[in-house]
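Chains as they are written, first to last, in our numbering: chain A, 489 to 601; chain B, 489 to 601; chain C, 489 to 601; chain D, 489 to 601; chain E, 489 to 601; chain F, 489 to 601.
None of the hints are false.
Remember, identical chains collapse to one label, so a pair may be satisfied in a single copy or spanning two.
When the alpha-carbon atoms are kept at most 27 Å apart in a straight line, the in silico BS3-like pairs for lysine-lysine are as follows:
| id | residue 1 | residue 2 |
| --- | --- | --- |
| 1 | 534 | 516 |
| 2 | 491 | 534 |
| 3 | 529 | 509 |
| 4 | 516 | 529 |
In case anyone wonders, no lab produced these hints; they're calculated from the structure.
Protein chains: 6
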Amino acid sequence: MTKDYRAECADVDARVGALFKAAPAAMKPYSQLVSAVSGDKALSGKVKELMALSISIAIRCEDCIVFHLRAALQHGATREETIETISVAIEMGGGPSVVYGSRALAALDALTE
Amino acid sequence: MTKDYRAECADVDARVGALFKAAPAAMKPYSQLVSAVSGDKALSGKVKELMALSISIAIRCEDCIVFHLRAALQHGATREETIETISVAIEMGGGPSVVYGSRALAALDALTE
Amino acid sequence: MTKDYRAECADVDARVGALFKAAPAAMKPYSQLVSAVSGDKALSGKVKELMALSISIAIRCEDCIVFHLRAALQHGATREETIETISVAIEMGGGPSVVYGSRALAALDALTE
Amino acid sequence: MTKDYRAECADVDARVGALFKAAPAAMKPYSQLVSAVSGDKALSGKVKELMALSISIAIRCEDCIVFHLRAALQHGATREETIETISVAIEMGGGPSVVYGSRALAALDALTE
Amino acid sequence: MTKDYRAECADVDARVGALFKAAPAAMKPYSQLVSAVSGDKALSGKVKELMALSISIAIRCEDCIVFHLRAALQHGATREETIETISVAIEMGGGPSVVYGSRALAALDALTE
Amino acid sequence: MTKDYRAECADVDARVGALFKAAPAAMKPYSQLVSAVSGDKALSGKVKELMALSISIAIRCEDCIVFHLRAALQHGATREETIETISVAIEMGGGPSVVYGSRALAALDALTE
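Only chain A is shown next, with the shape it has when bound in the complex:
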């Protein structure tokens, strides 16, 4: 029952890529929004990806968890920073954030091993 989070990453990429082709009118400006938010400005790109991860856990979106966890790791987020991000989600989301936070931790282990 242990999920294969590397395969999940590839699956999200493939699906979102297909959506980009099918719905370019909406996806192009959405991508520009993502680009505009990313990058080091007043807040670092790393912090903003961890922020997006905390939201992903709090709203219980597993695809989003995998997507933003990977991005945070690419920005250099550490294991300890990721765990504190999960903790903020638990403060803001209670039990459901515990179980989705546990999925984020499993994905962290899978993507960094």
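Following the hints, position chains B, C, D, E and F against chain A.
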């Protein structure tokens, strides 16, 4: 990791059928509510199923996506109408609606191939 | 305790206008997304605004209800179409959509009297 | 800034009454669903209204809090039972359930003084 | 496609156990919160677990459904009480609670057979 | 219609204080959870409060917005950092995060003038 959306449809039907038997007191009036909302009135049944699909994406309910996508297709919804429905969900739901919209698109491909 | 929905419209406009000035990097592409989704294509602009209204009710966002209800009315949505939109939200959202749907109805009355 | 929860109750009743008149096709079966769920069966009506209250807090629906709190009180729910219901919501909803739970407590004080 | 809910229980336990080890600073007080809410006080532990189950269905958290359903059964909840709990969730959550309620019923069958 | 966000802060404090007295069994461990998550560790307290703010906007909890915005400001968050936090919420929440983000901006102006 690609989901089998035809099997998912059958699974939802089986589960909801079992719930209908187990909880008829709640499910009978709920079914009447569904019937009352469906059908061509001021809005067409097709538009209302697409509306339910847009809500399903926005609230991240995969069973609901499959269920209302199938119903919309049965009402004659086209691929282009479905994609615009996904786009409205993205406007209203951001990134999480992108990933759940990508699931709706994958289901659309599976149910119409 | 009856809300002044015309004033609420003006308040949303003022607040979102201020956000546009404060956060243009995010708001410009978001506005382009909104424009890309709007307009008559496979689905009419009216249907897509009603769809956004149904999502607004289902997710309990009162500012969104006011905003998309007004837009739907500007696209020519009728009272009966709006009420059917509320009904779809109730099918998808139960009791909370009843109470937020009742707010949409009150706003409909206020904006069309 | 203290809310008048008795007036809020009356306002919800008036709005939902207006919706019932405007959308009877959806509201009649929904009302039958509510009736079917209510009443003393395997679980008491009181417990089921407290359950609905816990959901209302967890999903941050203030109209729902007022509505189901009043119904729970009419079924004989005590102050201590209501507070434990708020506590379950906090376990399941974290900080947002703390602040909406605090609204439920304020409404409890207002409706029982 | 039928889910193995016993395996899901074990998977949730393993993941949450790993999170406890990784994030003890957040998980210890959260566990104390859970303990404080549990137990027979003004409301029975059984009723409070069913309440948590109703919230889990209404917010569409499958891990939470499995977790609190098992706990409710351990507190002696009956099949009929569980079904009424699902019904309250449907009243409060509409269609999405129908499909997640159907998952709760499937889990109930799996955990009690 | 412009909200008085300083009064809202005081109102949240008063309500949560009353809940603490009414439900100490749940609120004491919850407060310990909040304390454990706060403070400068792998992530700064400021970043974690901004994270909680981003979640508050994404889930549409106005009391939470006011509460965590004030805490972020007390940790030294700048206007620009707050605006980027709102932008992450918009990426993750679409239109509803635009309108709740506009409330966060209005509260920022009110609490810092």
